Structures are given as C-alpha cells and as structure tokens.
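Make a model of the complete structure from these sequences and hints.
Protein chains: 2
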Amino acid sequence: MSVTLAIGAGGKETEEFVERFILPLFKLKSLGGVGLEEMEDGATIPIGDGKHVVISVDNYTVNPPFFPGGNIGKLAATGSLNDVAVMGAEPKAMFDAIAVEEGFPLKDLKEIIKSMADVLNSMNVALLGGDTKVMPKGSLDKITIATVGIGIAEEPLLTLDRAEPGDKILVTGPVGDHGATILALQFGIKVETLKSDVRPVWPAVKALREALGPDLKSAKDPTRGGLAMALNELAERSKTTVFLDESKVPLRPQVKEYAEMLGVEPFALASEGQAIFVVKGGREEEALEVLRKAGFEEAAIIGEVRKGRPGYVISKTPVGGLRILEKPIGELVPRIC
Amino acid sequence: MSVTLAIGAGGKETEEFVERFILPLFKLKSLGGVGLEEMEDGATIPIGDGKHVVISVDNYTVNPPFFPGGNIGKLAATGSLNDVAVMGAEPKAMFDAIAVEEGFPLKDLKEIIKSMADVLNSMNVALLGGDTKVMPKGSLDKITIATVGIGIAEEPLLTLDRAEPGDKILVTGPVGDHGATILALQFGIKVETLKSDVRPVWPAVKALREALGPDLKSAKDPTRGGLAMALNELAERSKTTVFLDESKVPLRPQVKEYAEMLGVEPFALASEGQAIFVVKGGREEEALEVLRKAGFEEAAIIGEVRKGRPGYVISKTPVGGLRILEKPIGELVPRIC
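In order, the protein sequences belong to chains A and B.
According to the working numbering, the first sequence is numbered sequentially starting from 5.
According to the working numbering, the second sequence is numbered sequentially starting from 5.
No lab work stands behind these hints, which were simulated from the structure alone.
Nothing here was measured: the structure is a model prediction, and the numbers come from that model.
Some hints here could point you the wrong way.
One copy or two, it doesn't matter: identical chains are merged, so the pair holds either way.
As the list claims (entries may be wrong) - 25 Å max Cα-Cα, derived DSS-like pairs, lysine-lysine:
id : residue 1 : residue 2
1  : LYS141    : LYS114
2  : LYS33     : LYS55
3  : LYS141    : LYS16
4  : LYS331    : LYS311
5  : LYS252    : LYS199
6  : LYS111    : LYS31
7  : LYS111    : LYS33
8  : LYS118    : LYS16
9  : LYS297    : LYS252
10 : LYS118    : LYS33
11 : LYS31     : LYS284
12 : LYS31     : LYS114
13 : LYS31     : LYS118
14 : LYS243    : LYS297
15 : LYS146    : LYS16
16 : LYS16     : LYS111
17 : LYS33     : LYS114
18 : LYS210    : LYS33
19 : LYS199    : LYS260
Encoded structure:
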C-alpha cells in the first residue's frame, strides 16, 4: 500500500485518511475552541471574553508556480488568510515556511516573496516569522510554501454547524476559475481568457458581519474539492440537506468548457478568491446587496439549507432535474494549490 | 543568480537572505510582541496580563526520513515545540502540513504520524489541525513536514536580548549528535554508536523557570548552525561578547571523529534535543543541579556573557588558545532537519 494522489486531493479520500490515520492517534484535539475534529478551515484558541485566536495552516504546492492571475506566493498568503477570514476572524498575522529547490531562479523567488508581501501589506497583516529550506537539485520540483494564517475573532465563529433549515446560501462570485486555470496549464492548454481568481475574501466577511451580525451564520472558501466539497461539508456538519440551484451559480463559460473538455465536474474545481456564506432566511437579498457594494459584484444567492436527510447536497440542474452532488472522489488536479 | 543550498542552511547566508529579501518587503513585522525582526525561535502575540501566545513554524525536510533515534515525524513535532519552549512557553498545541510523494509507503507515513502523536501525547499537546498534500511521483523526494508549535508564556519571555555581562551559559547535554548522525548517513557511513538526540526540551525549561524565576534569562535550541550559530545570535542580540570554554562543552567522541573525518566544525552541527540557557551569574551551579535532577544528566556550564566587543563569540580551545567562533558559512548538511 502506498500513498495515492487522492489522499491529498481534499475530497472523500482525504477525509477517510484523516479519520483513519490521524484522528485516532492524537489524544488531545482541541484547547476548548474549534479543534481538529471539527475539520473546519481553521482551529481556534479561546483567550477569554468570547475572543479566539484563529489559526489555519496549509502547504501550497501549486504547479506551475507562476500562473495567470498570480503565483504561489500570492496564493499561499491569500489562502491561509482566507481560511482564517471564513472563521469570522480578521487576519492579523502570518508565518511562512518555504521549501525551494537548489538552482531555482533567485529572481523568481524574490517575485514570489514580493507577492506574499503585497497581500500582507494591502491587508495590514504582519509577517511574524518564517523558515526557508533549500532542497538539493532533483529532490523537489521547484517550490512549496506552507503558510500559517492568524486572526482574532469574536464569537459567534462562522462555523458550519450554525446553519439551520431556512437559511440561504450565497457565493461571492464565479466558481472554479483557479482550478480550471491550473488544470488547463497542466494539460498544456493555452490559457488566454481565464485566470486564477486568487484574492482575499476578508472584505466580504467583514461587510456581511457588520451588516448582519449573528444572522451571518457560516462561511467557507471552496478551495480543494470546490463548491461540491464545501457544500457537502456544510450539509454534514449542520446535519441538514443543502439544496443547490445550479442555474444560479456563477460559472464562466470558459470554466464550463474546460471542465467538459477534460471530463471533470466544474463544481469540484477549486476557487481561491471566493467564499460561500450562510445567512438567516429573509436576509439574503440584503446580504447580496452588501456583497455587491463591497466589490463582489458577481455575488449570487445559490441555494438554501433544508430539513431532510442530513449530510446530502441535492442539486437542481439547469434543465430542472435533481441530482445528488457528491463529494469529489479521486484527484482531479494534483498540485492545484 | 539562483538559489543555493547555503540560503537554507541557517547560517550567515540565511541571515543575509532574510535581511535583504524578506525584511524590507513586509510593512508590519510584529503585533507588539516578539516579531520577525528579532529573529528569535518563535514570535509572540500579546493577549493581555503579561501573557503571550507563542508561535513557531518550521519546515522539516530531513533526509533520510528514518534515522537512528527517530524519524521526520518525531523531529518535526519536537522541533517546533522546542522552539516554543525556549521562548519560555509551555507547549499547548500543534498543527502539521505534510507534503508527501505519490507512492511513498503508507506504512512509513503511518509510522511517521504515529511518532508525531507520541510526542504530542506525552507532552499533553493538542493537534489542532493539519494539511496533507500528495505530490506526483518524481516531484518530491519522499516527504517534508511543516509544523506549527503553539504555547502560552508569561513574561518575562526568554529572549536572547535579556543576557547581560556576568551571566553564565549552560547546555543540557552533548551537542551535535543529530547533525553528525544525519551527516554520516548522507555520506554513506554506517552509524552504529551514535543516534539523533531529538527530544523535547520543555522539561528543562520548566524546571529552570520554577527554580530560578527571572534569573533564568534566555534560552535557545542549537539546531541548524549548531552551538556556533546559537552563541553568535546570543552575542549579537544581547550586544555582548560570549565566552565559550570548549573543554567544558559535552561532545561525544564519535561526533568529534565524524566531524574531523568530514572536515566540519563540530560546534556547527545541529542538536535537536538540547537547549542552551543563560542564567544570572552566581546561580549557575544551582541551575546545573536543577537540570541534572530534571533528567538532563550531561548538562554543563560552558561559558559566560562578558562585556567587550558586541556580537563576538570568543572560544577557548581545549589546548588553551583563543579563537573567534564564527557563524557557520555554507551548507554542511542539506536536509539535516
């Protein structure tokens, strides 16, 4: 038995790997806040007065490291800060741990670090520390960057278990741009009219929190495993049925086209600059307006939380049929993020 | 210009890289606690009442991943928790981010994760989250693990700038065992009587803190760059001269022998289970006794902090001559930790 790509794909096999090989081994899995077992985007350490330090860690291995819309540095910084933001925390600090291959062009490394800095500087986030390891030529293909995002949140945290029947689901914009871009590049398809959507989602979280208060229930960024994985996690954690109206999901024609050409589910393609939000039913139009005003002009209401078989995502196709939208299985795109 | 192994070696070139290519780019480098510019083992976020959340991040790339005395899992968990401990913080939580090559034996991955769990379970540290990425065959040589250690510390933090002339320097035990072991393995030398010293140093920090209070000034684990780098950082950060008595430094004959055979400075070899401590002059014998009682039986008093040219380490050789112990230059052993 050996390690397969699917274990790292962020879908069903990743979950099974964590449940079988990680969760049973560790005695302590929380410090009283959100911990390992919740499998949220980040974990939290309560520090009193209803405040939490929110921490999220991810290792970015995207290949190629430079792509339309950004590079691995922009992605690594944005990704971990987004994971913190969707817990309801204002991003405050970051750490990075770079592994780079001996012989990697120094100017490329500088550009990557510059892109990380641009993200942090634009959001007033501090870089508190880092680590750079150089691996001998041939032992690493180019570069990987692990980043740690740190934020401070006040309760309620925007965890998925807060969603209830009657709540509505919104997305900030078109899904799958990042995944389709990297997929196309890896298949040698020239990408001209499409680019990664990588961008911070904190402005969306902030605007909604301020406008809706506790009626903003949950948030999640649909990265590895895409919208399909994010909605399945929402259904599981909130023990509800999630209903998705596919005709309402913003999806660029190019993304649809690439997905069809390559035989993949477009809703399983990663976004790196979108978030999905669950808001109390009745406040969805207001939430939409707030998102648009905050610069997320392509935001849309895409579904709702329903009573029913817990843990299922029922998806209405554009022609009106119903299907179960499953968790992605296998590895669509290795090194997508 | 391309990336060299020396940039990741933790010595002079690493410092220059950070000073030239990282520090100038990031606007915010602290949240009011210890930040990026201090270049300590970890950074801190003040949370009021003189308390700090202490965080440290490192990416472990050691090759081979299994070695006498441990494996990359034990090393990655111990390493980041040690970095937190030497700031004066009790380790409380960890995150991990694994990158592993497709086809890596699953049983080896399980053993590595089991070793991480053993370290955490023995120290009552929670695993709060993690990330596993699988890289296609040929794009990563085996496995790397980035870990985030998190602890809570009360002031005073054990930062290097607290050292003053008159203070004494102790080490918990023989230095260089980890570095010599990995070095020998990488050179194809059979390692029979030597093993990595990888172990948690928190018990030593805890015992000294309880016994000495604020008279325990500073602590540091001499990992990449070894004792030579650690003492140079101490001298620089405290703006003092550090005096080392080489005849007092515990050093196994095998480590000395390997170092001579391979032409490297033994004091530049990494330890992964030792700490150096600075204590107020006059309390060093008591500190030594405390360390021995806490299980660090080979601890020793190895030097002192003096007035003089700031930033220099003056080292008395076993035959009585004086030399300047420089920061390590170049890369002794790639993928040593």
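*At most 25 Å between C-alpha atoms: does LYS331 with LYS311 qualify within a copy, between copies, both, or neither?*
within (20 Å within a copy, 65 Å between copies)
*Under a CA distance limit of 25 Å, which applies to LYS141 and LYS16: within one copy, between copies, both, or neither?*
between (34 Å within a copy, 21 Å between copies)
_Copy assignment of LYS33 with LYS114, given that the CA separation must stay at most 25 Å_ = between (37 Å within a copy, 18 Å between copies)
*Is the C-alpha distance from LYS243 to LYS297 at most 25 Å within one copy, between copies, in both cases, or in neither?*
For LYS243 and LYS297, the Cα distance exceeds 25 Å both inside one copy (32 Å) and across copies (53 Å).
*Can you tell me if LYS252 and LYS199 fall within 25 Å by alpha carbon in one copy, between copies, both or neither?*
Answer is within; shortest intra-copy Cα gap is 22 Å, inter-copy 61 Å.
*Using 25 Å as the alpha-carbon threshold, which applies to LYS118 and LYS16: within, between, both, or neither?*
between (35 Å within a copy, 22 Å between copies)
*asked:* When Cα atoms must be at most 25 Å apart, do LYS33 and LYS55 count as within-copy, between-copy, both, or neither?
replied: The answer is both: 19 Å in one copy and 23 Å across copies each meet 25 Å.
*Between copies, within a copy, both or neither: which fits LYS16 and LYS111 at Cα up to 25 Å?*
between (38 Å within a copy, 20 Å between copies)
*Checking LYS111 and LYS33: alpha-carbon separation at most 25 Å within a copy, between copies, both or neither?*
between (41 Å within a copy, 23 Å between copies)
*Taking 25 Å as the upper bound on the Cα-Cα distance, should LYS297 and LYS252 be classified as within, between, both, or neither?*
within (19 Å within a copy, 68 Å between copies)
*Please work out whether the CA atoms of LYS31 and LYS114 approach to 25 Å or closer within one copy, between two copies, in both situations, or in neither?*
between (41 Å within a copy, 16 Å between copies)
*Is it within a copy, between copies, both, or neither that the alpha carbon of LYS31 lies no farther than 25 Å from that of LYS284?*
Answer is neither; intra-copy 36 Å and inter-copy 38 Å both fail.
Checked against the numbered hints listed earlier, the structure breaks hints 11 and 14; every other hint is satisfied.
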